Each structure stands twice: as C-alpha cells, then as structure tokens.
Amino acid sequence: MKKVFGFSLILAMILFLAACGSSGEGDASSDEGNGSDGSEGEEALSGSVTIDGSSTVYPIMEGLTYRFNQEHPEVELSLNSSGSGGGFKKSTVGEIDLSNASRPIKEEEKQRAEENDVNLHEIELAYDGLSVVVSQQNDFVEELTTDQLKQIFLESSDVEKWSDLNEEWPEEDIKIFSPGHDSGTFDYWNEVILEEEPMKEGENTTLSENDNTLVTGIKNDPYAIGYFGYAYYAENEDSLRALAVENPDGEMVAPSGETIQDGSYAPLSRPLFTYVNTAKMKENEEVFEFVKFALNNAGPAAEEVGYVALNEEEYQSQLEEIKGMTE
Amino acid sequence: MESKNLNGRVLKNRVMKTLFFSATVIALVFLVLLFYRVLSQGWGYLNWNYITSFPAPYPEEAGIWPGMIGSLMLMGVVAVVAVTIGISTAIYLEEYSPKNKLADFIRVNIQNLAGVPSIVFGLLGLTFFVYLFGIGYRLLAGGLTMALLILPVVVVSSQEALRSVPTEVKEASYGMGASKWQTIVRVILPAALPGILTGIILSLSRGIGETAPLIIVGAATAIYTLPDSLLSKYTVMPIQIYKWTARPQEEWQFVAAAGIIVLLIILLLMNAIAVWIRNKYQTRY
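Same order as they appear, the protein sequences are chains A and B.
Here the first sequence is numbered in full-length UniProt numbering, starting from 1 and rising by one per residue.
Here the second sequence is numbered in full-length UniProt numbering, starting from 1 and rising by one per residue.
Since the hints were made in silico from the structure, they are not lab data.
Only a predicted model underlies this, so the values are computations on that prediction, with no experimental measurement involved.
For glycine and all other residues, C-beta sits at the position ideal for the given N, C-alpha and C.
Where chain A lies over chain B, by a calculated footprint (3+ residues, C-beta under 8 Å): (1) 51 to 63; (2) 224 to 232; (3) 236 to 247.
Simulated pairs of lysine to any residue, SDA-like, Cα-Cα distance not exceeding 25 Å: (4) A:90 x B:136; (5) A:280 x B:229; (6) A:280 x B:133; (7) A:89 x B:131; (8) A:89 x B:211; (9) A:89 x B:246; (10) A:90 x B:232; (11) A:90 x B:119; (12) A:90 x A:210; (13) A:89 x B:232; (14) A:161 x A:139; (15) A:90 x B:211; (16) B:280 x B:183; (17) A:90 x B:133; (18) A:280 x B:230.
Produce the complete structure using the sequences and hints provided.
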C-alpha cells in the first residue's frame, strides 16, 4: 500500500511540476481581461447574460462572448449548447436571455412562449451551408440531385446500394451518417430534403450529436455519405469531399463561401439565428449591449469558425430594428 | 500414477498463471496507451497559461481555469452535504436501527442506488433542485445533485468502516459506563474515520469526473467569470473537455487532452490523499 501511495503521489507531483515548469512567457494574460478601457466614460457594465441553444451556432457565440468579456469583464456571461430545441425549451419560459438556433422557431415553440408571456425576437447571425459530404476515398460520386438524396435517405425508398442509384457505381451498401434528431441541423434536413418523411434507420445508419463522430465515420469509409454544417467540412477538406447539389434552377452547385452567401447553393444554405428575449433586453442594459455587440461583430466571428457572414447592410438594418425596440 | 497426476496439476497451475498474467498485462497495456495518447497530445498545450485562462475561441488561448475552480467549488458543496448526510445515515443504520426487515430493505436499496446511472440523478436534480426548490441552473443545484449521486457510495463505505470497528472495543466502552452516544462519538467514529474518509475521497473522485448529470442541471459550457457564490453560474472540467472534443479543428483535441491531464493530476492527488490518510491512521486497532 505504501508503495502505491508513494507512486501516485510522485506521479502527480511530476505532472504538476512539469505543467508549471513549461509556463515560460505568459503570466500576464490572466490580467489582460481586466484592463479597463473605460472609453465610454460610463459606469462599468455588470449583471449577467445567459445564452443557450444550438451547437451549430455555439462556435460563433463563443467568439462573441469571448470578445464581449474583454470589453466588459464585469458581466457574467454563461454560454451553453443544448441544441436548438433544448435552447427554445428554456427561452420560451423565460429562463435565458438568448437562444441560439440553426432553424427558425417552430409554431409550437412560439405558442409556448406566448403562454408564458415571453416575446422572442429573431436575429440572423450568419449563413451556413449544410454540406453533403463523402470521403476523399470515394472516387465515383460528384454531384447529386435532391431526388437522389431523397432516395438515399428516405425510409420509403428501396435504394440500399450505390449501384441502385447508378449502375456504374459500386455494388456496396450506402452508409448514412446523420446528426441526431435533437439537432437543428437534422430539423433543417428533415424539412428541406426529407420533407418530414421518416429517414432510414438500421445498421447502415449512424446518428450522432457529436459532429466529429460523423466526420471520422465518413472519412474512413469510401461508401459513406452524410451531412453537417459547412464549418465541419471546411476544417476537414483534406479528408472529405463536398458534393454539388442541384438547386431549384437546376444547376449543380457545391458549397463554398460565395455560393452560400449569394444564395446559389440552395436549398441547403440556411441562416443561423439567435432569439433574444425582448423584455430582458429592455430591462437589462447588459443584454441590450450584448445584442448590439453581437450584430456588430457576428460577421468576423462567423468567418473565423468557417461560416459565412451576412451582408453588412443586413447586420445594420437588424441593429436599427433592435435600437428602435428599446426606445 | 501419482506422479502423472502431479505433473498435470503443475501444468494446470502454470497455464492458469499465464492466463492471469496476460489478463493483468492487457489492463496495463491499455492504461499505458491511454496515458501515452493523452500525454503526447496534450503536453504541448499544458502550461501555466492554460491553467489560469478562461475559455477562448482560439486553441492557443483557451484555458481550463473556470472549470477547475468550478469543479473544486462543486466538490466543496458535495463534500459538506454528502459527508453530513452520509455519515449520519451510516451511523443510524449501523448503530441505532433495529436489525429487522425494514432496515435490510433500506440497506439493499441504498446499495442499489449506487448502481443507478448518473443521468437519472441529473433528472432528479433538475426536477427538485432546479425547478421545485427554485435554485435555477446554479452551482448549488449542481452540488446538491452530485451529492445525491455519491451519497449511496459514501453511506455504504462508511457502514463498512463502522462495522470493522471491533466489538470488544465497543463493549469495553459500554463496560466503562459510556452511553451509546458517547461510545459513537469518542470510540467508534475515531476508529472508523480512516475508512470513512477514504470512502468519501474515492467517491468524490468519481464525482469530479462526472459530466452527464451536470449537463442536465445546466452547468455552462463557457463562462468568463469565476463563481463567487453558491448561486453563481459555473462550469466544470469534464464539460469543458467534452465540448472541446466536439470541435472540428484538430488543435482542440490537443486542448482537450491537456484538460484531461489536469483532471488526472487532480484525481491522482485526491487518491494519494486517500491512501495517505488510510496509512497514517489505519494501525490504531
């Protein structure tokens, strides 16, 4: 017993010392956030802002909260990601200030908000292009029509193998990777591609709330296909390939910053939202300040993490709208 | 005939020895692999800056500070609640409660509770502490939920510790005219303390690594202020780590690995303290 104790203590000490030892340069950074920039000559903003919702929007919000904190270190910011639906569950009863979503609010969620006297105002933060991806090892498919996507993903279709879609393609099972049913990404896919009909389930379908699981699953299997936010594709371009998808004009368009922003990557581009509780915004200056800050900085914050910014005018007009609401 | 039989038994012994040895090796190999992977990935990101920084959108600047403080504060709440209720329950069950069917029923159920999945405790915490008691998604609610989670283990291990105090010692105390209460406070508890403390620290180590129930009772994913009271927003290390692993960029995996190293260090320290306490006080009886 003594030996075990000695061993674990020594191991812990070594690890700890090593951790401290490699500190090197930057002990200063811990103070950075507090460097007051009392530029506005007002009293320091305090209070709290609570944010929850879509994990797709999370990286943008993280960038925004991080920078907001540097300007207003006294504000208690708390950011969570329980999915678009999870966020609305909390925001429609007034538990949180902002609710991120990768889809518009649903009718039943609106009703619930009304029942609880909560008014949620929709703010567009950025665009995302839901990307349909296959592995780099896949050398046969380049583009798909929405009909073909339906045949692949819908339960009611009898397409099981790639050769069922195109005789020249290999006679191998199609492996489907999809975000889980709680995610706004699935909701959007469900609406646009599946049109609310049930998706295939079974041994060839993998559902996961963790997008990295999907990335890993697809990149290692030449017969896999899946979809997720553009950011996850952009970060894995060397191992994944995004397919061109037929848009309503009949053109085959692959997702990219340009095609998503100019709307030609349709129907799979979608806006990303946050919904602010208007009463809280009027009552609490810090929430109002945060919303303004978000609209002023969402573009760069979105691009930094692989999403596509709106046009500058769109941010400005939303900003005016917000300002009008609090007067 | 006899010698053949002997050879057979020797052989059997040897086979079994090899079998058990390989089982041990398999477990060790995976442990070493785990350590290797975590250390090789996380080492580059682990420095003083990492430990004292708040979450950030850039891997080089992200840190685990609020999670670490949050975890420690949470464990503070858990320790106070679980220790008082846990030890009291154990004392009642071992020393006071009549040895009847009801007591057996309670005992069995407490042991069953120890096997309930942690997410169930999360739902319980959400219903009771967050909503019913109106605490909200705050540190106190998380602490109480975790306390519930480890309570069964604390009770069971404290019971074991109390039971291991020799009967002669108790009887000697009664023989000297001590009351039950005096015997418990002055004789039984001091003798059982090392066992009780070890059990508590080990169950706290379990608690510090839990994620699921805390996600349910609303621990934040990113905060930029430290919790300054029991009613603050908070986050904990496992949630920060979990969130980092879900990011698309590869660097975040390294940031997560660095977080795992910090978590492991704290766990090892806690376990070391448990072993130290046991060794220091164990020889009393």
